[in-house]
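Visitor: One letter stands for each residue in the lines below.
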Amino acid sequence: MVRLSGHSEDDLVRRLLAGDEGAFVFVYRRWQAPIYRFALHMSGNTSVAEDVTQEVFMTLIREGGRFDPALGSLSGYLFGIARNHVRKRYDRDRFLVPFIENSRDDGRSNGHAGRNGMHPSIVVAPVDLGRGETIAMVRDAVLSLPGHYREVVVLCDLQEMSYEEAALVLACAVGTVRSRLHRARTLLTEKLSDLQSPESKSAAGGMRQ
Amino acid sequence: MNCVQFQEIVHDLARDAGLDQSARRDALAHADSCPRCDELLAEAQSLTTALRSLAAKDGTLGASERVEVALIGAFRQQSGPAVHSNRPWQWGLASVAGLAALVLLSVLVLRHPVVSPPTPIQILLMQTPNMRQLL
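Order-wise, the sequence lines are chains A and B.
So the first sequence is numbered by the numbering used here: it starts at 1 and just counts up by one.
So the second sequence is numbered by the numbering used here: it starts at 1 and just counts up by one.
Everything labelled a hint here was simulated from the structure, so no lab data went into it.
Keep in mind that this is a model prediction, so the values were computed, not measured.
Beta carbons are placed, not taken as given, at the ideal position from N, Cα and C, and that holds for glycine.
Check the hints yourself; a few may be wrong.
Residues on chain B that point at chain A, a partial pick, calculated with CB under 7 Å [stated by the list, open to error]:
{"#": "1", "residue": "R25"}
{"#": "2", "residue": "C34"}
{"#": "3", "residue": "L51"}
{"#": "4", "residue": "V67"}
{"#": "5", "residue": "V69"}
{"#": "6", "residue": "L71"}
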């Protein structure tokens with residue numbers, strides 16, 4: 001296993017396709033967890049995350065010859081497969097969080113349809129951090145985003161990919177990733193503000209006055 | 001930098017990504033002079049912290065052992081005889097060899113036609129040339 005750590009991704013895939021089990025196990029153990037977490041944060045479902053992880057590496061076994069290192073990294077290739085499988089799962093299953101592509105729906109609740117984080121007259125209260133429930137709130141807020149916003153948050157903020165890496169996974173322009181992330185984060189700030197307890201909201205409002 | 005320009009880059013600033021030093025310095029200077037933008041920056045930074053907390057909390061999650069076992073099984077199956085039989089050059093080689101064997105066999109048959117042994121009637125006719133006249 002250790003001896004494989006110095007090999008290029010292209011070489012690893014070649015070995016894997018030639019039947020080198022060590023190369024396959026190395027690749028799997030290197031990337032299974034990020035792929036699993038991507039699928040989990042996109043679907044909100046551990047069973048789906050496991051299925052997607054398995055399908056991603058089955059695709060690598062069967063069609064790994066399609067990986068072209070000139071087009072991007074192996075992780076980008078695997079995340080791209082994972083993204084496609086998550087979308088397929090949503091098309092097939094009803095229990096996943098909706099994946100809305102190119103939708104005008106920005107995920108706002110009706111009660112706040114007119115609120116825009118960029119509007120100068122409204123300033124939302126800062127998200128109250130440091131409590132255990134905050135993480136659960138953030139997870140729910142991410143899952144409530146429309147799919148094309150959710151995936152940029154998951155890739156850029158939770159997987160810590162650069163805009164360029166995320167653009168390769170999503171097969172779109174870097175500017176698209178940046179603008180979607182900006183919008184997604186504005187929505188998240190609004191959602192988290194909405195989820196805050198009335199006490200903390202009034203306290204924050206009192207502080208602003 | 002004005003408020004609109006600041007709002008366009010506030011999340012890049014909070015994520016510390018996608019901004020060069022000059023733009024970052026200008027944005028921070030604007031936030032220092034504008035309470036509203038300063039508050040927007042605080043929100044964006046809080047969100048960054050919250051998302052990093054979620055990423056850190058889930059950072060140890062991964063697929064179960066069952067998935068690895070299933071995949072290694074599938075890999076072994078795929079790498080076995082089925083994989084080798086799927087190699088196109090091997091199929092091509094086998095086809096050419098079969099065709100060559102067929103051609104060779106045809107040539108041999110044409111050069112040395114198979115002669116079936118004579119029947120008893122034919123033997124009798126050969127031994128007694130006048131038999132035909134008798135018949």
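Visitor: Does the interface hint hold: is B:L51 within less than 7 Å of chain A, judged Cβ to Cβ?
Guide: holds (4 Å)
Visitor: Given B:L71 as an interface hint, is its Cβ closer than 7 Å to any Cβ of chain A?
Guide: holds (5 Å)
Visitor: Hold the hint about B:R25 up to the distance rule: shortest CB distance to chain A must be less than 7 Å.
Guide: With Cβ-Cβ at 20 Å, over 7 Å, it is violated.
Visitor: With a cut-off of 7 Å on the beta carbons, see whether B:V69 makes it to chain A.
Guide: violated (11 Å)
Visitor: Next item in the hint list is B:C34. Is there a CB on chain A closer than 7 Å to its CB?
Guide: Violated, because the Cβ-Cβ distance from B:C34 to chain A comes to roughly 10 Å (cut-off 7 Å).
Visitor: Going by Cβ atoms only, is B:V67 closer than 7 Å to chain A?
Guide: holds (5 Å)
Checked against the numbered hints above, the structure violates hints 1, 2 and 5; every other hint is satisfied.
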